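So you can see what is in the structure, the chains are spelled out below.
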Amino acid sequence: MGLSRCREVQWTVDLSRREVIRGALATGASVALAGCGSHSDAPRIAGGDPWRQFKGATLNFISENTAPTAAIAANLRPFTELTGINVSIVTLELSALVQRVALDLASGQAQYQVIYADPYQVLAPYQKGLVDLRGPQSDPNLPDLPGGLADFIPTQLDAAGRFVDRQAVYALPYDAPTMIWQYRRDLFDKYRDRMANDLGFDPTPGGDRTWEEYFQIARWFNENATSDVRYGTGHQARQHDSLMNDFSNVLWSYGGDYFDNGKEVGRLGTTDPGPCRLGSEAAIAGAEFYNRLLGIADPASTTWDWDGVGAALRSGRLAMCPNWHEFAASNEKAMPGKIDYAPLPKGPVGTANMYGGTGIAISANTLPHERGAAWLFLVWSTSPETQLTNLKSKAGGGTPTRTSVYALPEVRAAEHRPSSMPNMLTAAAVREAWQPDRIGLRPKIPMWNECNTAVFTQLSRMLTGATSPQEAMRSITSRVDQIVARGWVA
Amino acid sequence: MTKIAQSSPGLRRSWPEAPSEPRIRFEGKMMLPGLILLAALSILPFLALVAMSFSRVRLLGGVRLELVGLSNWVRSFTDADMWMSWLRTIIYFVLTVGLEMVLGLGIALCLYRVLRGRNLLLGLILLPMFVAPSIVGLLGRYLTDSTFGLYAYVLRSLGFTGDILGSPTSAFAAVVLMDVWEWTPLIALISLAGLSSVPQSVREAAAVDGASGWMTLRFIIFPAISNVLLVALLIRSMDAIRYFDIIWVTTNGGPADATKIVPIRLYETAFRFFDFGYAAAIGLTMLAFSILIARAFVRMLDTRGLTR
Chain A
1 MGLSRCREVQ
11 WTVDLSRREV
21 IRGALATGAS
31 VALAGCGSHS
41 DAPRIAGGDP
51 WRQFKGATLN
61 FISENTAPTA
71 AIAANLRPFT
81 ELTGINVSIV
91 TLELSALVQR
101 VALDLASGQA
111 QYQVIYADPY
121 QVLAPYQKGL
131 VDLRGPQSDP
141 NLPDLPGGLA
151 DFIPTQLDAA
161 GRFVDRQAVY
171 ALPYDAPTMI
181 WQYRRDLFDK
191 YRDRMANDLG
201 FDPTPGGDRT
211 WEEYFQIARW
221 FNENATSDVR
231 YGTGHQARQH
241 DSLMNDFSNV
251 LWSYGGDYFD
261 NGKEVGRLGT
271 TDPGPCRLGS
281 EAAIAGAEFY
291 NRLLGIADPA
301 STTWDWDGVG
311 AALRSGRLAM
321 CPNWHEFAAS
331 NEKAMPGKID
341 YAPLPKGPVG
351 TANMYGGTGI
361 AISANTLPHE
371 RGAAWLFLVW
381 STSPETQLTN
391 LKSKAGGGTP
401 TRTSVYALPE
411 VRAAEHRPSS
421 MPNMLTAAAV
431 REAWQPDRIG
441 LRPKIPMWNE
451 CNTAVFTQLS
461 RMLTGATSPQ
471 EAMRSITSRV
481 DQIVARGWVA
Chain B
1 MTKIAQSSPG
11 LRRSWPEAPS
21 EPRIRFEGKM
31 MLPGLILLAA
41 LSILPFLALV
51 AMSFSRVRLL
61 GGVRLELVGL
71 SNWVRSFTDA
81 DMWMSWLRTI
91 IYFVLTVGLE
101 MVLGLGIALC
111 LYRVLRGRNL
121 LLGLILLPMF
131 VAPSIVGLLG
141 RYLTDSTFGL
151 YAYVLRSLGF
161 TGDILGSPTS
171 AFAAVVLMDV
181 WEWTPLIALI
191 SLAGLSSVPQ
201 SVREAAAVDG
211 ASGWMTLRFI
221 IFPAISNVLL
231 VALLIRSMDA
241 IRYFDIIWVT
251 TNGGPADATK
261 IVPIRLYETA
271 FRFFDFGYAA
281 AIGLTMLAFS
291 ILIARAFVRM
301 LDTRGLTR
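Chain order of the listed sequences is A and B.
Start counting the first sequence at 1; every next residue gets the next number (the numbering used here).
Start counting the second sequence at 1; every next residue gets the next number (the numbering used here).
Read the hints as simulated data drawn from the structure, not as lab findings.
Model, not experiment: these values are computed from the prediction.
Check the hints yourself; a few may be wrong.
Derived list of chain A stretches under chain B, where covered just means 3 residues or more per stretch with a C-beta under 8 Å from a C-beta of chain B [what the hints assert, rightly or not]:
1. 122 to 136
2. 264 to 272
3. 450 to 460
Computed from the model, here is a short list of chain A residues facing chain B with C-beta under 10 Å [what the hints assert, rightly or not]:
4. A102
5. D305
6. R417
With beta-carbon atoms standing in for the labels, derived distance ranges [as the list claims (entries may be wrong)]:
7. B/S290 to A/D437: 28 to 36 Å
8. B/T161 to A/K338: 45 to 53 Å
9. B/I291 to A/S478: 33 to 41 Å
10. A/G295 to B/I135: 43 to 51 Å
11. A/H416 to B/A80: 49 to 57 Å
12. B/A296 to A/D41: 28 to 36 Å
13. A/V489 to B/D239: 45 to 53 Å
14. A/D437 to B/R242: 45 to 53 Å
15. A/V489 to B/E27: 41 to 49 Å
16. B/L44 to A/V489: 20 to 28 Å
17. A/S478 to B/A296: 34 to 42 Å
Positions of the beta carbon are idealized from the N, C-alpha and C atoms, including for glycine.
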């Protein structure tokens with residue numbers, strides 16, 4: 001009897017425990033489902049100020065950790081005051097960004113509504129996951145782009161914003177880093193006459209110089225100016241995307257290219273680029289020169305990406321280097337008045353300056369009101385006013401992607417020292433570099449990431465002496481052909 | 001209590017109406033939540049990985065698998081670059097684990113002889129172990145930087161003209177040494193624990209019998225701590241096969257692929273090229289390799305009766 005009662009009591013206790021556990025499980029499951037399930041759209045207030053119709057919305061913007069985004073992040077208040085929209089910015093290293101964006105697009109949810117869309121690593125492979133911006137642009141309820149699409153530099157709009165289709169626009173040009181020749185003006189002034197006497201040509205950097213002359217200038221510094229700098233030239237030749245960028249400038253100027261019709265493949269992109277052409281005589285000649293050039297460059301070049309070579313120039317270790325023009329602001333901070341800029345030298349065929357610009361896009365997974373709010377952010381962040389503010393920003397600042405900004409009197413005045421917008425010191429050089437026949441555009445194909453890895457890995461092997469330039473080019477060709485043949489599924 | 005009730009014949013006789021043996025016994029019910037959790041965390045992802053290795057994975061519009069048969073597996077066994085990565089992984093594995101075992105044991109033997117301040121010394125020696133591997137990589141990168149790195153400066157003053165992370169051999173040696181620097185203390189700690197368990201009386205008996213230092217080490221100490229060393233070896237081996245952070249931070253697999261071991265290639269395939277099918281095949285091969293190594297060690301422990 002006693003035992004039976006005891007069992008009854010225990011049974012009662014068990015029941016209540018089960019209820020508690022069931023309740024807890026149900027609560028947990030509903031919380032988890034709520035977390036995993038579809039999120040609700042942003043609120044919208046119809047009528048009134050079109051800039052404030054999505055007041056209260058929150059946007060997440062995922063970006064590479066670049067100077068323009070640092071400037072935007074430091075200057076978000078005007079946007080929030082204008083629209084009532086809060087923006088959270090997540091900045092990451094580029095490969096981490098690509099990974100997050102790909103997984104976010106795969107999830108079917110737009111955790112990141114606004115995306116920093118690298119043309120080669122995000123736009124080309126995941127174009128179907130991005131909104132065609134002609135939609136919001138033509139929506140009468142949404143504000144227009146000031147100056148329209150025509151105000152963007154045309155080559156940049158195509159390279160950073162379009163993919164295959166000449167009409168569709170998936171991203172607005174957001175930044176425009178371009179590789180140019182960066183050199184120690186003070187040292188060139190100091191040694192100009194001696195160099196000219198020894199080398200037999202005017203060494204002043206500019207579009208008329210050739211890569212062969214660049215090589216001779218670098219070697220001259222190695223041999224004659226070691227009290228001022230350790231090496232004449234340094235390069236971003238680490239086994240990394242940077243090596244492909246650095247090499248491509250030489251490749252194109254020697255007449256080589258990755259694929260047939262390379263300019264078009266770079267500007268608009270394609271899903272089927274055809275056979276790789278790096279096995280050509282011109283490409284091999286370019287590789288041979290690049291190998292020779294790196295032979296006299298700072299040996300640490302094979303460990304540097306763009307940040308490494310930029311830091312080396314600013315530390316006074318190098319006399320010159322090719323690097324992205326957006327480093328001008330930090331150069332001017334470290335060595336005021338000592339570093340100047342020119343377009344990259346030319347080769348036997350012409351000149352090419354690698355363009356590394358990126359667009360800003362909207363995830364196709366966004367809900368309608370979120371999409372509207374994201375459009376407002378795109379319009380604001382690429383507007384001439386914001387680009388001008390970014391140029392002046394102490395937090396960094398990129399360079400404008402709109403022609404109207406370059407035409408402003410205060411911006412033109414900043415092209416010369418003393419300059420309140422130090423990135424504008426590169427304006428003359430990049431203006432030349434952005435000419436359609438001089439801009440260097442790498443292939444915009446969905447499988448570029450893997451092709452790029454094959455390119456810089458084999459180049460790295462060439463630079464360490466493991467393989468000859470000829471073998472390296474042929475090896476890249478066969479690997480790229482294999483990758484392209486496998487195709488791409490997104 | 002329940003167990004006693006079920007196993008006692010007397011109690012069973014008093015409740016003839018008791019239901020027959022339940023399909024899931026009490027122990028099973030207790031283990032069920034854990035098993036469900038384990039399935040959610042390990043078994044289901046494993047099965048998904050197996051399915052992915054026979055498929056091409058589409059991401060946009062939700063993850064979808066398209067069956068491609070054995071092509072990912074064929075590719076992983078015919079890819080010359082993959083075989084080179086395996087070779088590098090094995091060399092790396094032998095070098096790191098070998099150096100860590102030798103140095104760790106050496107440090108433990110030295111520490112064992114120190115009577116005063118042993119704890120302080122041990123604390124200092126263990127410090128690298130508490131640093132996150134990615135931070136070790138960053139530290140190594142700065143120390144070997146040719147502009148401002150201390151090690152680069154020291155090597156330059158000794159006549160080394162190259163760049164440590166710039167040439168294949170020195171870069172490989174550098175990442176091996178960074179791992180050795182971080183994980184030798186763990187081996188030292190485990191070995192020291194083993195040494196402390198060797199009975200003092202046995203050592204004294206050896207000394208009375210006139211055994212030299214080497215003989216004591218060879219015939220007394222090593223046999224006594226060999227089981228502990230085997231466990232240390234197992235722990236480090238499992239870790240060394242999955243080594244990733246330091247290489248990713250310092251060399252990114254370069255120069256000339258000299259430090260591209262299998263985990264780096266796996267990451268690259270999955271999260272740079274988004275070729276999840278091929279990455280799944282590589283991952284499963286790595287898993288099989290890890291299991292083989294672990295089985296070898298466990299079998300050794302088993303023969304010594306240490307797994308029971």
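Each hint, compared with the structure:
no., hint, in the structure
1, 122 to 136, "holds (count 4)"
2, 264 to 272, "violated (count 0)"
3, 450 to 460, "holds (count 4)"
4, A102, "holds, 6 Å"
5, D305, "holds, 9 Å"
6, R417, "violated, 27 Å"
7, B/S290 to A/D437: 28 to 36 Å, "violated, 54 Å"
8, B/T161 to A/K338: 45 to 53 Å, "violated, 28 Å"
9, B/I291 to A/S478: 33 to 41 Å, "holds, 35 Å"
10, A/G295 to B/I135: 43 to 51 Å, "violated, 35 Å"
11, A/H416 to B/A80: 49 to 57 Å, "holds, 55 Å"
12, B/A296 to A/D41: 28 to 36 Å, "violated, 57 Å"
13, A/V489 to B/D239: 45 to 53 Å, "violated, 35 Å"
14, A/D437 to B/R242: 45 to 53 Å, "holds, 50 Å"
15, A/V489 to B/E27: 41 to 49 Å, "holds, 47 Å"
16, B/L44 to A/V489: 20 to 28 Å, "holds, 24 Å"
17, A/S478 to B/A296: 34 to 42 Å, "holds, 38 Å"
Figure legend: structure checked against the earlier numbered hints; hints not met, in rising order: 2, 6, 7, 8, 10, 12, 13.
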